[in-house]
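Please model the entire structure based on the sequences and the hints provided.
Here are the chains, one letter per residue:
There are 2 protein chains.
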Amino acid sequence: MKLECRQATIEDLPDIVRMLADDFLGKQRERLEDPLPESYLKAFRELDADPNNELIVAVMSVPPTEAGVTLSEPKTKNQKPKTESIVGTLQLTVTPSLSYQGSKRSSVESVRVDDKFRGQGIGRQMMLWAIERAKKKGCVSMHLTSHGDRKDAHRFYENLGFAASHVGMKLVLK
Amino acid sequence: MKLECRQATIEDLPDIVRMLADDFLGKQRERLEDPLPESYLKAFRELDADPNNELIVAVMSVPPTEAGVTLSEPKTKNQKPKTESIVGTLQLTVTPSLSYQGSKRSSVESVRVDDKFRGQGIGRQMMLWAIERAKKKGCVSMHLTSHGDRKDAHRFYENLGFAASHVGMKLVLK
Chain A
1 MKLECRQATI
11 EDLPDIVRML
21 ADDFLGKQRE
31 RLEDPLPESY
41 LKAFRELDAD
51 PNNELIVAVM
61 SVPPTEAGVT
71 LSEPKTKNQK
81 PKTESIVGTL
91 QLTVTPSLSY
101 QGSKRSSVES
111 VRVDDKFRGQ
121 GIGRQMMLWA
131 IERAKKKGCV
141 SMHLTSHGDR
151 KDAHRFYENL
161 GFAASHVGMK
171 LVLK
Chain B
1 MKLECRQATI
11 EDLPDIVRML
21 ADDFLGKQRE
31 RLEDPLPESY
41 LKAFRELDAD
51 PNNELIVAVM
61 SVPPTEAGVT
71 LSEPKTKNQK
81 PKTESIVGTL
91 QLTVTPSLSY
101 QGSKRSSVES
111 VRVDDKFRGQ
121 GIGRQMMLWA
131 IERAKKKGCV
141 SMHLTSHGDR
151 KDAHRFYENL
161 GFAASHVGMK
171 LVLK
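Chains A and B are the protein sequences, given in the same order.
Residues in the first sequence are numbered from 1 upward in steps of one, following our numbering.
Residues in the second sequence are numbered from 1 upward in steps of one, following our numbering.
Worth flagging that the hints you see were computed from the coordinates, not collected in a lab.
Hints are supplied without guarantee of correctness; some may be wrong.
Pairs count within a copy or across copies, as identical chains cannot be separated in the list.
To be verified - In silico BS3-like cross-links for lysine-lysine, where the CA-CA straight-line distance does not exceed 30 Å:
(1) K174 to K2
(2) K151 to K174
(3) K135 to K104
(4) K137 to K42
(5) K135 to K42
(6) K116 to K42
(7) K136 to K174
(8) K151 to K42
(9) K136 to K42
(10) K27 to K136
This is the structure:
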């Protein structure tokens with residue numbers, strides 16, 4: 001099985017929202033419906049049009065012989081077995097900034113790995129990909145905030161070299 | 001004396017960099033030179049061109065009769081006394097996002113008040129202005145990270161209603 005990261009397309013949106021909703025905080029926040037509420041499509045289009053924001057998906061490909069067994073069964077005889085699955089997502093934001101002598105900074109948010117594919121290093125591969133991407137875009141640092149309750153996530157990011165040097169503060173506006 | 005917040009122009013840049021540099025962390029990071037290093041001008045132009053990023057300054061105006069006494073003396077007889085001074089700055093970023101059903105979030109960074117004008121509520125007025133601005137732009141939340149050592153800053157933000165609910169993590173990329 002092979003993992004690739006790429007920019008999300010609008011076809012990936014249901015998979016992404018499914019992962020955002022499948023989370024102890026996210027399940028109170030999201031609406032995973034078919035069709036998806038229009039607000040997700042509107043947000044996707046805004047994100048997609050902004051050169052400083054990228055919605056990333058991690059895609060797992062399986063050889064045709066394995067497909068349908070590990071990922072999904074074809075629904076009809078004419079339908080080909082599914083040979084790729086969206087197994088992770090994150091949003092990468094590049095922020096132009098005056099500080100550090102006019103350096104760009106980057107941040108990641110909404111980092112999720114499909115529950116069924118955890119423990120295989122997918123999150124780590126996806127983050128390493130995002131770090132390389134941010135470097136290529138000229139960023140000198142990567143920032144993120146993680147809810148104080150997400151203890152596992154803090155260890156995950158520390159293992160990637162992140163330092164928990166800051167306090168992350170939030171104000172709800174509505 | 002009257003305080004106004006507005007978007008920064010390139011003429012405000014030396015004042016902004018002076019405030020970024022006048023800080024126990026900033027003084028190791030910035031280069032306050034005349035003329036300013038080109039990297040600041042380049043970053044300003046990028047920021048200025050990005051509709052999702054705004055560099056804000058707080059400007060203090062004084063009546064002409066007081067000007068020159070409280071703010072600065074005219075350097076020549078023909079020069080009018082300075083009637084406004086840049087006394088604060090912050091950067092406001094709006095981030096389109098899929099989470100919270102496709103809601104925009106906002107963040108502030110590089111929040112500074114001129115050392116000579118502290119203790120007059122300028123930071124609070126500037127932040128309240130930024131919060132209103134973020135609401136007008138349709139953001140549902142405002143986020144910031146503050147270095148763990150900035151204890152006074154944490155109290156300042158908590159007094160504005162921010163909750164220190166998150167861990168802020170940072171990875172240096174170069």
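### Query
Is it within, between, both, or neither for K136 and K42, if the alpha carbons may be no more than 30 Å apart?
both (28 Å within a copy, 18 Å between copies)
### Task
Go through the copies and call it for K135 and K42: within, between, both or neither, with a Cα cutoff of 30 Å.
This pair counts as both: shortest intra-copy Cα distance 29 Å, inter-copy 18 Å.
### Query
Which holds for K136 with K174 at a C-alpha limit of 30 Å: within a copy, between copies, both or neither?
between (36 Å within a copy, 11 Å between copies)
### Query
What label fits K116 with K42 when the C-alpha limit is 30 Å: within, between, both, or neither?
within (28 Å within a copy, 45 Å between copies)
### Task
First find the shortest C-alpha distance between K135 and K104 inside one copy, then the shortest across copies, and answer within, between, both or neither for a cut-off of 30 Å.
Answer is both; intra-copy 10 Å and inter-copy 25 Å each pass.
### Query
Between copies, within a copy, both or neither: which fits K151 and K42 at Cα up to 30 Å?
For K151 and K42, neither the intra-copy (32 Å) nor the inter-copy (39 Å) Cα distance is at most 30 Å.
#### Entry: 30 Å Cα threshold - placement of K174 relative to K151
Both: 28 Å inside a copy, 27 Å across copies.
### Query
From the Cα coordinates, with 30 Å as the cut-off, is the pair K27 and K136 best called within, between, both, or neither?
between (34 Å within a copy, 27 Å between copies)
### Message
At most 30 Å between CA atoms: does that hold for K174 and K2 within a copy, between copies, both, or neither?
### Response
Intra 43 Å, inter 29 Å, cutoff 30 Å: inter-copy only.
### Task
Go through the copies and call it for K137 and K42: within, between, both or neither, with a Cα cutoff of 30 Å.
Close inside one copy (26 Å) and across copies (15 Å); limit 30 Å.
The earlier numbered hint that this structure contradicts is number 8, and it is the only one.
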